[in-house]
Amino acid sequence: MKKVKKILGIVSCLLFVIFLVSGCGTEEEKTLSCALYRKDVVSNYELNSTYEIYYTGDVVNRVETVEVVSSSDESIIDLFETTLNSTYESMNDAYGGYDFTVTKEAGKVTATTKIDYTKLDLEQLIKDDSSMKSIVNNDNQITVDGIKKLYEQTGAECK
Numbered sequence: 034m035k036k037v038k039k040i041l042g043i044v045s046c047l048l049f050v051i052f053l054v055s056g057c058g059t060e061e062e063k064t065l066s067c068a069l070y071r072k073d074v075v076s077n078y079e080l081n082s083t084y085e086i087y088y089t090g091d092v093v094n095r096v097e098t099v100e101v102v103s104s105s106d107e108s109i110i111d112l113f114e115t116t117l118n119s120t121y122e123s124m125n126d127a128y129g130g131y132d133f134t135v136t137k138e139a140g141k142v143t144a145t146t147k148i149d150y151t152k153l154d155l156e157q158l159i160k161d162d163s164s165m166k167s168i169v170n171n172d173n174q175i176t177v178d179g180i181k182k183l184y185e186q187t188g189a190e191c192k
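Heads up: the sequence shown begins at 34 in our numbering, then just goes up one per residue.
I should point out that these hints are in silico values taken from the structure, not numbers from a laboratory.
Values in this document were obtained by computation on a predicted structure and should not be read as measured data.
Hints are supplied without guarantee of correctness; some may be wrong.
[To be verified] Computed list of lysine-lysine pairs in DSBU-like fashion (alpha-carbon distance at most 35 Å, straight line):
{"#": "1", "residue 1": "137", "residue 2": "160"}
{"#": "2", "residue 1": "152", "residue 2": "72"}
{"#": "3", "residue 1": "137", "residue 2": "63"}
{"#": "4", "residue 1": "141", "residue 2": "63"}
{"#": "5", "residue 1": "152", "residue 2": "141"}
{"#": "6", "residue 1": "141", "residue 2": "192"}
{"#": "7", "residue 1": "152", "residue 2": "182"}
{"#": "8", "residue 1": "63", "residue 2": "182"}
{"#": "9", "residue 1": "192", "residue 2": "182"}
{"#": "10", "residue 1": "192", "residue 2": "166"}
{"#": "11", "residue 1": "192", "residue 2": "152"}
{"#": "12", "residue 1": "137", "residue 2": "152"}
{"#": "13", "residue 1": "152", "residue 2": "166"}
{"#": "14", "residue 1": "166", "residue 2": "182"}
{"#": "15", "residue 1": "72", "residue 2": "182"}
{"#": "16", "residue 1": "147", "residue 2": "182"}
{"#": "17", "residue 1": "192", "residue 2": "160"}
{"#": "18", "residue 1": "63", "residue 2": "181"}
{"#": "19", "residue 1": "72", "residue 2": "166"}
{"#": "20", "residue 1": "181", "residue 2": "147"}
{"#": "21", "residue 1": "192", "residue 2": "147"}
{"#": "22", "residue 1": "160", "residue 2": "181"}
{"#": "23", "residue 1": "160", "residue 2": "182"}
{"#": "24", "residue 1": "72", "residue 2": "192"}
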């Protein structure tokens, strides 16, 4: 009986050490947040966007965005509603991985989008849009540095 307890104790200690060293064998998912604000006085609208980038290592797993367009001109709101719906719908039809809703209220339209890059056909997207090659690694996976640079080029601030 003492021998069994001793073996169980040693095995427990070994498992604990392995658990601590390996972290259960998975790397922790991290988040990078970006925000964009744009006011276009000429076209009479304001855009507030937030981007939550979820990544493991240097590879982006998914991005969740909330884009809110505000305007006192309902025709501008209608235009954004149509454009957002058609853009996300066509991207999802072509490449998959998109889950989105676009809602309209008085004076604003809100698009909430989740892009799952593990389900998206990146190979086809890169074939169709060669500029995507600049934000992917050799395995055609979107990198966190690449997507951060892309958002910052549009005027977003990332933290």
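Consistency of the hints with the structure:
Taking the CA atoms of residue 137 and residue 160, the gap is near 34 Å; set against the 35 Å cutoff, the hint holds. Restraint check for residue 152 and residue 72: satisfied, since their Cα atoms lie roughly 34 Å apart, inside the 35 Å limit. About 32 Å separates the Cα atoms of residue 137 and residue 63, which keeps this hinted pair within 35 Å; it holds. About 31 Å separates the Cα atoms of residue 141 and residue 63, which keeps this hinted pair within 35 Å; it holds.
With a CA separation close to 30 Å, the supplied pair residue 152 and residue 141 stays within the 35 Å bound. Proposed proximity of residue 141 and residue 192 is supported: the alpha carbons are some 27 Å apart, at most 35 Å. Distance restraint check for residue 152 and residue 182: the Cα-Cα separation of roughly 22 Å lies within the 35 Å cut-off, and the hinted pair is therefore satisfied. Taking the CA atoms of residue 63 and residue 182, the gap is about 17 Å. The hint holds against a cut of 35 Å.
At most 35 Å may separate the alpha-carbon atoms for a hinted pair to count; residue 192 and residue 182 meet this at roughly 12 Å. Of the pairs offered as hints, the one joining residue 192 and residue 166 holds, with about 24 Å between alpha carbons and a cut-off of 35 Å not exceeded. Between residue 192 and residue 152, the direct Cα distance comes to roughly 26 Å. Compliance with the 35 Å bound is thereby established for this hinted pair. For the given pair, residue 137 sits about 28 Å from residue 152 by alpha-carbon distance, which is consistent with the 35 Å threshold.
For a cut-off of 35 Å, the pair hint linking residue 152 to residue 166 stands: about 18 Å separates their Cα positions. Using a Cα cut-off of 35 Å, the hinted pair residue 166 and residue 182 holds, with the two alpha carbons roughly 13 Å apart. Distance check on the hinted pair: residue 72 and residue 182 sit about 21 Å apart at the alpha-carbon level, within 35 Å; holds. Our distance criterion of 35 Å between C-alpha atoms is met by residue 147 and residue 182, whose separation comes to about 19 Å.
Taking the CA atoms of residue 192 and residue 160, the gap is near 31 Å; set against the 35 Å cutoff, the hint holds. Restraint check for residue 63 and residue 181: satisfied, since their Cα atoms lie roughly 14 Å apart, inside the 35 Å limit. Restraint check for residue 72 and residue 166: the C-alpha separation of about 30 Å stays at or below 35 Å, so the hint holds. Among the hinted pairs, residue 181 with residue 147 is consistent with the structure: their alpha-carbon atoms are about 17 Å apart, no more than 35 Å.
Taking the CA atoms of residue 192 and residue 147, the gap is near 19 Å; set against the 35 Å cutoff, the hint holds. For the proposed pair residue 160 and residue 181, the alpha carbon gap of about 21 Å is at most 35 Å, so the pair holds. With a C-alpha separation of about 21 Å, the suggested pairing of residue 160 with residue 182 holds against the 35 Å cut-off. Straight-line distance between C-alpha atoms of residue 72 and residue 192 comes to about 21 Å, which keeps the hinted pair within the 35 Å bound.
Of the numbered hints stated above, none is contradicted by the structure.
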